[in-house]
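As they're listed, the protein sequences go chains A and B. All letters in the first sequence, in the order written, are residues 3 to 98 by the working numbering. All letters in the second sequence, in the order written, are residues 12 to 357 by the working numbering.
Honestly, the hints are just simulated from the structure, not real lab data. Glycine included, C-beta positions come from ideal geometry on N, C-alpha and C.
Chain A regions said to be covered by chain B (calculated; three or more residues, Cβ under 8 Å):
| no. | region |
| --- | --- |
| 1 | 29-38 |
| 2 | 43-51 |
| 3 | 73-83 |
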Amino acid sequence: MPCLPCKDFFKLEDKVTGKRYFYNMKIVDTRGNPCPAPLIATRSALKEAKASERFEVMTDSPNAFRNISTFLTDNNISFSASGGEGLWILTITKDQ
Amino acid sequence: MQVDLLQMVESGGCSAKISPALLGELLKDLPFPDDPDILVNIDTHDDAGVYRINDELALVLTTDFFPPLCSDPYEFGQIAAVNSISDVYAMGGTPVVALNIMMFPSAKLPLEAYAEILRGGFDKASEAGVRIIGGHTIDDFPPKYGLAVVGFIHPDHIIANSGARPGDILILTKPLGTGVILAGQKMKMSTPGDLREAMKSMKILNSSAAGVMKKNNIRGATDVTGYGLAGHALKMAAASNVSISLNMSRVPLIGSTYSLVDDGCIPGAAFRNLEFVSKDALFSADLDYNLRMIAMDAQTSGGLLMSVPPSGRDLVMANLQASGVEFAEIIGEVKERGEKVLYISN
Chain A
3 MPCLPCKDFF KLEDKVTGKR YFYNMKIVDT RGNPCPAPLI ATRSALKEAK ASERFEVMTD
63 SPNAFRNIST FLTDNNISFS ASGGEGLWIL TITKDQ
Chain B
12 MQVDLLQMVE SGGCSAKISP ALLGELLKDL PFPDDPDILV NIDTHDDAGV YRINDELALV
72 LTTDFFPPLC SDPYEFGQIA AVNSISDVYA MGGTPVVALN IMMFPSAKLP LEAYAEILRG
132 GFDKASEAGV RIIGGHTIDD FPPKYGLAVV GFIHPDHIIA NSGARPGDIL ILTKPLGTGV
192 ILAGQKMKMS TPGDLREAMK SMKILNSSAA GVMKKNNIRG ATDVTGYGLA GHALKMAAAS
252 NVSISLNMSR VPLIGSTYSL VDDGCIPGAA FRNLEFVSKD ALFSADLDYN LRMIAMDAQT
312 SGGLLMSVPP SGRDLVMANL QASGVEFAEI IGEVKERGEK VLYISN
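Make the full structure from the sequences, and use the hints.
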């Protein structure tokens, strides 16, 4: 999993193949931020997102991951999640 | 005094209370004394323990302590003391004596801070007529403070969690939002006005509200603290074998609580409380999400939630207003036990 420090549209270089491509999904990196900063950042990103826009939220906190998932579910916001053991990524789609 | 106690507290802060669900599981298997003089016990998850001395006197015992939630040591002491004493009022008791419980990092904080915390506790205890007659301190980080309190009550006049009856209306005596606003303070989202209002609310002793309860022979009440309005309402409904319905739009809120929640400033404790109530609660389909989470917000030194027979409603509200309990509001009602224990709507 490549390390993703930036918060916006950016270029990604695959360290194995050397290929470069644009990773055009917004990443909200909340790692290291204390609760409830990750949820606040998620909420803020949701407000800013355009209809049907997808973006990702990264967190290193199992509590934040669980709470953001609950928040999204309870607000009927579609998302998928991956990760574990210290790094979770939620891919969130703002509705129409 | 330039000490900032908030520097001592781990960023995060979602941690002070163990999840109620987990605590319930842990306590379930502890042997409990079989003694007819124990009038109220852990089974009904009540606010304090009550032990009968004779036909006219029972003792109310409770304790509470926690890490700082504000910068100033004196104010921390005040709020911790008010919070500790509150459970006695919630049972209908009169607090009498107390012991200090202090954990203090002597290597990291000046001793003046220790003295200021105790002074704050002493001043509020005095206001409540409580004599602090001893205590215990250990060296520990982060600092924590509170009281163990003993009160008196007449055995026939205990106001218990199990005293709510179908048809009663529910009155809440303080606005909600301290958890959200304190989290917002860490996030630098709460305004100075929010903080001032929250601090003012947390410093109010529940003595006036309790006085009104006693005068009106209220039989069921609890105080709203770490499990949030929903958690404490659920405990009361469970103990009373009734259902409780809450109308969240009637609940007064402190400062910018609503917009802070709308911005996502929802403390972890609120999610823990949500887990605790979920299986026994039904949220109305159109329940505003922010109001739902406000119902879950853990309160520090919150108000009383009293269950009042409908015939007493107007008099109790009038008495509360007259005693200066200015934010008292009717926020729900008690019904016969339905499929769920707690119903929350707008």
